[in-house]
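Make a model of the complete structure from these sequences and hints.
Protein chains: 2
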Amino acid sequence: MNENQTKKLIDVALGRTPGDLAIVNARLLNVYTGEILDNQSVCTCGERIACVGPDVGSAIGDGTTVIDAGGATLIPGFIDGHAHVASSFTAGEFLKYAARGGTTTIVTETLEPYAVAGIRGVLDFLASLKDQPIKFFATAPAMVSTSRAAMGIDPADLDTLLARQEIVGLGESYWQAVLQNPDVFLPIFAQTTAHRKLLEGHSAGARGNKLQAYAACGVSSCHEPIKAEEVLDRLRLGIYVMIREGSIRRDLAEIARIKDMVVDTRRLILTTDGISPADLMEMGYMEYLVQKAIDCGFDPVTAVQMATLNVAEHFGLDDRIGGIAPGKTADMVLIPAPQIIQAMVVVSSGRIIARDGTLEMAPRKHVFAAESLNTIRIPKKYEPSDFDLPFHGDGDTATVRVIEMVTDLVTREMRLELGVSGGKVQSDAANDLVKIAAIDRANLPGSCFTGLIKGFGLQSGAMACSAAWDTACVVVVGADETDMALCVNRIREMQGGAVVCNAGRVAAELAMPVFGLISELPLEELVARLKAIRQAAADLGVSFPDPLLTLIALTGAAIPFLRICEEGLVNFKDGRTVDLFVA
Amino acid sequence: MNENQTKKLIDVALGRTPGDLAIVNARLLNVYTGEILDNQSVCTCGERIACVGPDVGSAIGDGTTVIDAGGATLIPGFIDGHAHVASSFTAGEFLKYAARGGTTTIVTETLEPYAVAGIRGVLDFLASLKDQPIKFFATAPAMVSTSRAAMGIDPADLDTLLARQEIVGLGESYWQAVLQNPDVFLPIFAQTTAHRKLLEGHSAGARGNKLQAYAACGVSSCHEPIKAEEVLDRLRLGIYVMIREGSIRRDLAEIARIKDMVVDTRRLILTTDGISPADLMEMGYMEYLVQKAIDCGFDPVTAVQMATLNVAEHFGLDDRIGGIAPGKTADMVLIPAPQIIQAMVVVSSGRIIARDGTLEMAPRKHVFAAESLNTIRIPKKYEPSDFDLPFHGDGDTATVRVIEMVTDLVTREMRLELGVSGGKVQSDAANDLVKIAAIDRANLPGSCFTGLIKGFGLQSGAMACSAAWDTACVVVVGADETDMALCVNRIREMQGGAVVCNAGRVAAELAMPVFGLISELPLEELVARLKAIRQAAADLGVSFPDPLLTLIALTGAAIPFLRICEEGLVNFKDGRTVDLFVA
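Those protein sequence lines, which keep their order, are chains D and Z. Residue numbering for the first sequence follows my numbering, beginning at 1 and increasing consecutively. Residue numbering for the second sequence follows my numbering, beginning at 1001 and increasing consecutively.
Bear in mind the hints are in silico, worked out from the structure with no lab data behind them. This one's a predicted model, so the numbers in the text were calculated from it and none came from an experiment. Keep in mind that the hints are not guaranteed to be accurate.
To be verified - Taking lysine-lysine and the DSS-like style, the derived pairs with C-alpha atoms no more than 30 Å apart in a straight line are:
no., chain 1, residue 1, chain 2, residue 2
1, D, K381, D, K531
2, Z, K1007, D, K8
3, D, K7, Z, K1573
4, Z, K1227, Z, K1259
5, D, K7, Z, K1210
6, D, K292, D, K531
7, Z, K1007, D, K210
8, Z, K1454, Z, K1424
9, Z, K1573, D, K573
10, Z, K1008, D, K210
11, D, K365, D, K454
12, Z, K1292, Z, K1531
13, D, K130, D, K365
14, Z, K1259, Z, K1381
15, D, K259, Z, K1259
16, D, K573, Z, K1007
17, D, K8, Z, K1259
Right, here's the structure in full:
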């Protein structure tokens, strides 16, 4: 805050000049003391709060907009501390639904644009977050990639990002990858902490001395616990735990037991870890999480702290956001009562951005750079034969590693003895054994690995998407090589997207031209398109709740146990890349 | 932390190599969760903690030093968040008594050396804090000086300091000075926050919209509340409140009521705000405060948090200190039980520095630079006539402003009509009206202002000291001008110190050659000397509990109401310098 802004705040606080916006006659949920105080008022000046207390009358003048809260409750704007904004929707479309419920700050990962478009992609993505109705902060990508060639962010790129104000730390670094590749990740960690910025963690399933070893690396958070006991293990080690309630997983109901297990909840945080367009439209954003926390038995003050002050403190942003106090950014939400999280008025950086669920300030539409819109650099059209599985060994059979679906996200390695015909191993859709391929589109464009997957459900056709997790891949699963090629070629034409094909025709598709990850459609239309893709996949036999999510997570580096990328199959347990054929 | 250190921690945590120091079979007071956990162990590697939990057996090997806690309680090392280490004693002597009780980190102000020796003085002072048994952090001086010419730190000096790792923010900026001189201090604040460092506050007595205005400047702490209600006012504004219990004031007993007034205590901190050599020897340091907090009714977990995690979080140092967890600095104290704060073993940065009240690691004696030892740059010997009060007006009487003592620290302006004789106003020791002078020794050396003080108690002789607060002055009070000159000249000879003279002879003295502020005597001897000075002052009629403290505080910019510096008398209410004579 520069001295002129501060001087204005002083003048308003001292009653020398009138403030801009006053909210009077409110109950104030004070996140610092844990009190709920009646008959409180707040007055702002520009983006900031000038004064808060029982009487701000001297700060109110002719030019002041006054809102009489009529005894409604005023709380700080919500902060999502771990979001994936570079997914599916543009920030502008996302905000149409995310901002109206009281969320005024989002901290997002940036690994997705980095993986496919490098530092320039990240900078363009960050530019898309500027001058929006709410504030964004971001983490630099650690680049825990499934592909070993892409592992670890470039140090020069990391320096570029860490020097930026809105970069609050290093993004999630999956614990296995860190402990398996200390020479890659520990220098990146040291570089980050030398900038006095945070290391965001990801310790899914870690326990005992492995969790200790990971904590010793200095990671400061984890959003992966799925049981209250896992939360407790991490809190005891000084790690901030982000309770995840989003579209990937919903852990709040189970984890809520933690409230009776610890005395101090200051290091508990609520986060979405990303939200799907449909969930966002139907359920809302952080306001849904805070309400659910209350419904799960958290005290309203604690629930609000978990989405405001605790998050701000974690990121070292509490000098600016996370509470209602003089000098802080004027991010406030008026709700009917402490236990009813329903935004009546949302103030973000001193501006009223929403009232009664209606956004009053349109998000800015960002014009992405041409290179952000041309990221599917696969050099040639694909042919069905590109997905052949030639076997160069002796004999009529080959022992192969197969990705077996255990849940919609978890897989394991299965070994099958398959017949070889014409020098090739064949898939067997009748037995739910189909082909899967990962095609690099950025680093070694066109580099492709084809394998086999069991239990995906596809009885015919194929589906593909360019938004594969933790890689720069287009991932395609198919019962038919012609449809696989069609899917990939259509994605190449669209410069990104999701496609379901059957019998040589496109059954459903969604263009995702921004980084090959993001649709520019209006959110409502995007939801409809995604529903159509789900239906088309279901029509082909895929019974997972979200077939597209299942598909793109197959390249994910943080989910057990056998994953795929353009380099081959990747054993989650040791991080090694293995071949289709068992030697 | 660099990657090699981290790798070693990982190896110890995973049981690949043995740790250095293990404390086993302890109760662990977990400051993060607020739990007290039985049967816990900790193992370190170098300066850091590698693992903590019910079993660290795999980290223990042949080379590991093992301490069996036998069920004693392990807590994090204490942190004093607001100390004045550049006062009276060298850091080395200070640590002889400060470190044995469990304090492992101190954040100190640096305004004292800056005022008299500039940036080079501060850097030499900071050097004296390096390589000691415990860690020091510091704040850059804001330079709220009583002298207008010295007001505000030089921006280049501030940049030099803010670039240093151990500088965590800007030191205390008295609220009146900030609001009275926004053009001086707000740019300094902006410069500090641009470095993402803290603004330490000082809001003694501020309330209502003045407190709001001060908070709006972005100050993040205050150590000045003397009532629980003042604590509450500040906590509600998001300000960390440091409850002061030291040699200047003892506010803990009164303020302890706050524990029943708020739900959340995360922003409460215990601090000394400086401690006298005698108190340090007799009462101890932070361990005394934590014990007293418990004795005043704070829960032991809360009391320990107020001296560990809360302080670390305030300063953004909780990635390194403030709790017992993997990756954190190994600062730990073994105490008999959570409610008995008596250090059995003190571990600082992984080394055992004290056992059962005995320091086992000698503090380092710093050799100060020659210029730090020659700071009394008064150009000439003083003569009694230098303290004359010539009156150039008409008439036989003059109306003068007199500093009237209200308490041992608080003063007010008194106006007296005094007789003029030989063109000079005279003091009147018989009526407890004596002379006071402030002589600049650094900025405009020899620049002197002489005034009058009522109620100091001196019946004869004089006393002087070069450690005057918030100025670069030698301050002298005297019933006799010859003794005043003698005091000043003796301080000039010693290059700093405190002197009491009577009847043309030195009655007691203490050399303070380091910056004219610090004695290099062993602490025990220093205490004896200070006692002798107190006695000598008492013999001359000064009945304040600590006459030397009363003397040096007379130049203090933060204490109401009429203060003195080489520029004249300073009206605390508006910060204006006024003359002895009322026009």
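Right, here's what the structure says about each hint:
no. : hint                : verdict
1   : D:K381 <-> D:K531   : holds, 28 Å
2   : Z:K1007 <-> D:K8    : violated, 50 Å
3   : D:K7 <-> Z:K1573    : holds, 20 Å
4   : Z:K1227 <-> Z:K1259 : holds, 12 Å
5   : D:K7 <-> Z:K1210    : holds, 13 Å
6   : D:K292 <-> D:K531   : holds, 26 Å
7   : Z:K1007 <-> D:K210  : holds, 13 Å
8   : Z:K1454 <-> Z:K1424 : holds, 18 Å
9   : Z:K1573 <-> D:K573  : violated, 69 Å
10  : Z:K1008 <-> D:K210  : holds, 14 Å
11  : D:K365 <-> D:K454   : violated, 42 Å
12  : Z:K1292 <-> Z:K1531 : holds, 26 Å
13  : D:K130 <-> D:K365   : holds, 10 Å
14  : Z:K1259 <-> Z:K1381 : violated, 55 Å
15  : D:K259 <-> Z:K1259  : holds, 21 Å
16  : D:K573 <-> Z:K1007  : holds, 20 Å
17  : D:K8 <-> Z:K1259    : violated, 35 Å
In summary, the structure is inconsistent with hints 2, 9, 11, 14, 17 from the numbered list given earlier, while agreeing with the others.
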